[in-house]
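There are 2 protein chains.
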Amino acid sequence: MKNQEYVLASRPQGMPMPENFRLAESETSALEDGELLVRTLYVSVDPYMRGRMNDAKSYVPPFQLNQPISGGAVGQVVESRNPSFAAGDLVSGTFNWARYTVSNGRGVHKVDPNLAPITTSLGVLGMPGLTAYFGLLDIGKPQPGETVVVSGAAGAVGMAVGQIAKIHGCRVVGIAGSDEKLRVLTEELGFDAGINYKTAPSLRRAVREACPDGVDVYFDNVGGDVTDAVMANLNDNARIPLCGQIALYNMDKPDVGPRNFSYLVIHRGLVKGFIVSDYAKSFSEAFAQLGAWTREGKLQYRETIVEGFENIPDAFLGLFRGDNIGKQLVKVADIN
Amino acid sequence: MKNQEYVLASRPQGMPMPENFRLAESETSALEDGELLVRTLYVSVDPYMRGRMNDAKSYVPPFQLNQPISGGAVGQVVESRNPSFAAGDLVSGTFNWARYTVSNGRGVHKVDPNLAPITTSLGVLGMPGLTAYFGLLDIGKPQPGETVVVSGAAGAVGMAVGQIAKIHGCRVVGIAGSDEKLRVLTEELGFDAGINYKTAPSLRRAVREACPDGVDVYFDNVGGDVTDAVMANLNDNARIPLCGQIALYNMDKPDVGPRNFSYLVIHRGLVKGFIVSDYAKSFSEAFAQLGAWTREGKLQYRETIVEGFENIPDAFLGLFRGDNIGKQLVKVADIN
Numbered sequence: 001m002k003n004q005e006y007v008l009a010s011r012p013q014g015m016p017m018p019e020n021f022r023l024a025e026s027e028t029s030a031l032e033d034g035e036l037l038v039r040t041l042y043v044s045v046d047p048y049m050r051g052r053m054n055d056a057k058s059y060v061p062p063f064q065l066n067q068p069i070s071g072g073a074v075g076q077v078v079e080s081r082n083p084s085f086a087a088g089d090l091v092s093g094t095f096n097w098a099r100y101t102v103s104n105g106r107g108v109h110k111v112d113p114n115l116a117p118i119t120t121s122l123g124v125l126g127m128p129g130l131t132a133y134f135g136l137l138d139i140g141k142p143q144p145g146e147t148v149v150v151s152g153a154a155g156a157v158g159m160a161v162g163q164i165a166k167i168h169g170c171r172v173v174g175i176a177g178s179d180e181k182l183r184v185l186t187e188e189l190g191f192d193a194g195i196n197y198k199t200a201p202s203l204r205r206a207v208r209e210a211c212p213d214g215v216d217v218y219f220d221n222v223g224g225d226v227t228d229a230v231m232a233n234l235n236d237n238a239r240i241p242l243c244g245q246i247a248l249y250n251m252d253k254p255d256v257g258p259r260n261f262s263y264l265v266i267h268r269g270l271v272k273g274f275i276v277s278d279y280a281k282s283f284s285e286a287f288a289q290l291g292a293w294t295r296e297g298k299l300q301y302r303e304t305i306v307e308g309f310e311n312i313p314d315a316f317l318g319l320f321r322g323d324n325i326g327k328q329l330v331k332v333a334d335i336n
Numbered sequence: 001m002k003n004q005e006y007v008l009a010s011r012p013q014g015m016p017m018p019e020n021f022r023l024a025e026s027e028t029s030a031l032e033d034g035e036l037l038v039r040t041l042y043v044s045v046d047p048y049m050r051g052r053m054n055d056a057k058s059y060v061p062p063f064q065l066n067q068p069i070s071g072g073a074v075g076q077v078v079e080s081r082n083p084s085f086a087a088g089d090l091v092s093g094t095f096n097w098a099r100y101t102v103s104n105g106r107g108v109h110k111v112d113p114n115l116a117p118i119t120t121s122l123g124v125l126g127m128p129g130l131t132a133y134f135g136l137l138d139i140g141k142p143q144p145g146e147t148v149v150v151s152g153a154a155g156a157v158g159m160a161v162g163q164i165a166k167i168h169g170c171r172v173v174g175i176a177g178s179d180e181k182l183r184v185l186t187e188e189l190g191f192d193a194g195i196n197y198k199t200a201p202s203l204r205r206a207v208r209e210a211c212p213d214g215v216d217v218y219f220d221n222v223g224g225d226v227t228d229a230v231m232a233n234l235n236d237n238a239r240i241p242l243c244g245q246i247a248l249y250n251m252d253k254p255d256v257g258p259r260n261f262s263y264l265v266i267h268r269g270l271v272k273g274f275i276v277s278d279y280a281k282s283f284s285e286a287f288a289q290l291g292a293w294t295r296e297g298k299l300q301y302r303e304t305i306v307e308g309f310e311n312i313p314d315a316f317l318g319l320f321r322g323d324n325i326g327k328q329l330v331k332v333a334d335i336n
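Sequence lines, in order, name chains A and B. The UniProt record's numbering applies: residue 1 is where the first sequence begins, and numbers increase by one. The UniProt record's numbering applies: residue 1 is where the second sequence begins, and numbers increase by one.
Just chain A, same shape as in the assembly (with noise of 0.2 angstroms):
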C-alpha cells in the first residue's frame, strides 16, 4: 500500500527547523504473522521526543537518519495478522508520523469510543495523565493545604497536575505563557491562580507574590528562568518532581535556570538538599556508630590546624582556596 511518511532527515542544532524533517513516499510491507497495519487517526507529540532527536543515549534510543519519526498515536487497524487485533479496531500504542504503520502490536491497547474519547488516551488518560498523577503523587507527596506551582501548566501534563493537586487539597499556582492559557486554568479547571511568565515585569516576585506561604511543591515542567524564579521561593521540604525542562532542550550551554537538570530527568537522579540539624534525634545512635568506626580504624580523620587567634579570617578563607585536607581548625590557646 502507498504510504507517507516523516523521516528525520537532519539532526537539529537548538531550535528544530522545518528542514530537519523530510516526507517520503514509501510502501508499506506486506504482513507477517503476529503485524497489524495501522491507519493513523491521531498523532501525539510531545516535547520529550526532541531528546530523540539529538544522537545521545538516553530512556529511549534517539530518532535514526533517513528513518520515520516516531510516536504516540491513535490508529484504526485495516488488517492484522495478530489474534489481539481486528480490521476495525480503534487502537493506541507507538506508531510512525506516517499514514499507515506496520505494527509488531507491542504496547498496542485497543481503546474504547464509548468509554472517552479516543484522544484522551494521548492525553489525560494516556501517557500525559499518568506523568502527572505519579510524579504529583508519588514524589510530590502534595498534602492539603500546601502550595502547588505547576510549569507549563496550560499543557496536558501540567493541566493534569493542577488539578490533581486541587482534587488532594492544595493551593494551584499555574505557570504559563499566555493570558487565555491562565484565564483557562483558573476559570475553568479550578487553579487558584495564574502567572504569564512572558510578561510577569519580575518572575520571582510574581511567584511570590501567587504563593504568599512559599512552594511546598514546584512540578517543573520547563526549566530555564521560570524554575530559578520558583526555586528562590521554596519552603523547607519542598518537593520538586522534575518532569521536564522544555526551555532547555534547544539550548547548548542554558545560561537560565538549574543548568543540567536534564541529566536528573533521563537518570531519575534524586537531589535532596539537607541540614544536619534536621537529624538531630538520631544524632546519639550515628555518635555511637562514628566512634565505633573510629576506634576500628575504619573510619580515620585528617585536621589542618593553624595556629593563632589571629589566623581566624585567613583559615577562614583558605577554605575557597582549598588549604584544607580534613577539618580546618584554627588553635587559640592550650589547655590550661
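Worth double-checking, as some hints may not be accurate.
To be verified - Heads up, simulated DSSO-like pairs for lysine-lysine below, C-alpha to C-alpha not over 27 angstroms straight-line:
(1) B/Lys281 - A/Lys110
(2) B/Lys331 - A/Lys2
(3) A/Lys141 - A/Lys166
(4) B/Lys281 - A/Lys57
(5) A/Lys198 - A/Lys166
(6) A/Lys2 - A/Lys110
(7) B/Lys141 - B/Lys166
(8) A/Lys166 - B/Lys281
(9) A/Lys298 - A/Lys281
(10) B/Lys57 - B/Lys253
(11) A/Lys281 - B/Lys110
(12) B/Lys253 - A/Lys253
(13) A/Lys253 - A/Lys198
(14) B/Lys253 - B/Lys198
(15) B/Lys2 - B/Lys110
(16) B/Lys57 - A/Lys281
(17) A/Lys298 - B/Lys141
(18) B/Lys253 - A/Lys198
(19) B/Lys281 - B/Lys298
(20) A/Lys141 - B/Lys281
(21) B/Lys166 - A/Lys281
(22) B/Lys166 - A/Lys298
(23) B/Lys166 - B/Lys198
(24) B/Lys110 - A/Lys331
(25) A/Lys110 - B/Lys298
(26) A/Lys141 - A/Lys281
(27) B/Lys2 - A/Lys331
(28) A/Lys253 - B/Lys198
(29) A/Lys57 - A/Lys253
(30) B/Lys141 - B/Lys281
None of these hints come from the bench; they were simulated from the model.
Could you slot chain B onto chain A? The hints should help.
Okay, now just chain B, sitting in the frame of chain A:
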C-alpha cells in the same frame, strides 16, 4: 576581663576579603545566672559560614555588622554560673571568634579528652561527621558494589563520606584539588580513585574513566563545574545528597554547574527525575483513578488539535513556541 574578638566589618561582594573582618577589643560582661565564660581553644571554620556573611534569610540567621562572628569551637570553662558546667571543663559549642565567649550554655556539651582528641568534636565526631553520616546513609542509601563519588573529598565531610561508603561496600571516587589530597584519600583512607579537578584535562572524561560502571551516589559538597561533570555520568536512579556548593558561594550568578542548588540545601528541597514508564506496574490503578476523576468532572482536559498530516512537524515545533493549550494532537484521518 579584656577580650579580643573578630566582628563582621562589612559584607563581602563575591570572595570574602580580610577587610570584611575587624579585630575589636572589648571586655567580657559579668556572668548572669546560667551563664559560663569560655576560653577559646580551637575554632572551627566552615564553608557554610560564608552564607551567614550575606544579609539573607537562611537556615541560620546572618551575622550582624560590627558584631562577633561565631561558629563551632572548643574551649575551656573559666567561670560558670551554670550548674551543668564547672571551671576547667572542656566544652564544645557555638562560640565567638574571640579569646573568650560568654555563653548561656545552650548547645554546649562537655568533651572528654580521654575518649577522643577534643578537636574531633569539631570534625569526625562533630557536625562534619554527622553531616557525612546522615547525608550519605539517609539520602544516598549506598548499596554494596555501587559507585559513590564525593566532591570536596579531602575536606572533613568528604573524607568521612568516602570512608563510610567504603564501610558499606562501595567503590569510592574522591574529587579534590591537589595531588597531595588525593594521595591521602587513596593511599591512607582507602578511596579507590581520585580526580584532581584543577589539573584534569577533561573533568567529564576523568569522572567517566574513574567510574567505569557510572555514578550511583554523588555526595556533592562543591557544585559548579565539578558537579556538571558528575551529572553527565549518572546511572539511572542515582542519588545526590546535596551538602554544600562551595564553588558557588562567592559567585553572584554562577555560570557553571546547577545554578540554584543552594536553594535546595537551604530548604532541604527534593528533586527527583522520573520517567513515567518507571511506574508501569501501577498503571492500571492510575488509569482507574484518572478515569473516575474525569467522569466526576474533577479532572478536565483540553486538546489543541491541528488538522492535517502535513502539519505534524509544525505542530511539534509549536510545542516550543507554546502554541498549545492542553494536549497537542494532529488529526490525520477520520474513523471509517
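Results of checking the hints against the structure:
1. B/Lys281 - A/Lys110: Distance of about 19 angstroms is within 27 angstroms: holds.
2. B/Lys331 - A/Lys2: holds, 19 angstroms
3. A/Lys141 - A/Lys166: With Cα atoms ~13 angstroms apart, A/Lys141 and A/Lys166 stay inside 27 angstroms; holds.
4. B/Lys281 - A/Lys57: Answer holds: B/Lys281 to A/Lys57 is near 25 angstroms, not above 27 angstroms.
5. A/Lys198 - A/Lys166: Cα-Cα ~25 angstroms, so holds.
6. A/Lys2 - A/Lys110: Within the cut-off at roughly 25 angstroms; holds.
7. B/Lys141 - B/Lys166: holds, 13 angstroms
8. A/Lys166 - B/Lys281: The given pair, whose Cα atoms are some 25 angstroms apart, holds under the 27 angstroms limit.
9. A/Lys298 - A/Lys281: Given pair A/Lys298, A/Lys281 holds - Cα atoms ~25 angstroms apart, limit 27 angstroms.
10. B/Lys57 - B/Lys253: This hinted pair holds, its Cα atoms lying about 18 angstroms apart.
11. A/Lys281 - B/Lys110: holds, 19 angstroms
12. B/Lys253 - A/Lys253: OK: B/Lys253 and A/Lys253 at ~15 angstroms, within 27 angstroms.
13. A/Lys253 - A/Lys198: With Cα atoms ~21 angstroms apart, A/Lys253 and A/Lys198 stay inside 27 angstroms; holds.
14. B/Lys253 - B/Lys198: holds, 21 angstroms
15. B/Lys2 - B/Lys110: Cα-Cα ~25 angstroms, so holds.
16. B/Lys57 - A/Lys281: Distance ~25 angstroms between B/Lys57 and A/Lys281 Cα, so the pair holds.
17. A/Lys298 - B/Lys141: holds, 19 angstroms
18. B/Lys253 - A/Lys198: holds, 22 angstroms
19. B/Lys281 - B/Lys298: holds, 25 angstroms
20. A/Lys141 - B/Lys281: holds, 19 angstroms
21. B/Lys166 - A/Lys281: holds, 25 angstroms
22. B/Lys166 - A/Lys298: Cα-Cα ~9 angstroms, so holds.
23. B/Lys166 - B/Lys198: Measuring from Cα to Cα gives roughly 25 angstroms; hence the hint holds.
24. B/Lys110 - A/Lys331: With a Cα-Cα distance of about 18 angstroms, the restraint between B/Lys110 and A/Lys331 holds, given a limit of 27 angstroms.
25. A/Lys110 - B/Lys298: With Cα atoms ~25 angstroms apart, A/Lys110 and B/Lys298 stay inside 27 angstroms; holds.
26. A/Lys141 - A/Lys281: holds, 23 angstroms
27. B/Lys2 - A/Lys331: Roughly 19 angstroms separates the two Cα atoms, so the pair holds.
28. A/Lys253 - B/Lys198: Distance of about 22 angstroms is within 27 angstroms: holds.
29. A/Lys57 - A/Lys253: holds, 18 angstroms
30. B/Lys141 - B/Lys281: Roughly 23 angstroms separates the two Cα atoms, so the pair holds.
Checked against the numbered hints above, the structure breaks none of them.
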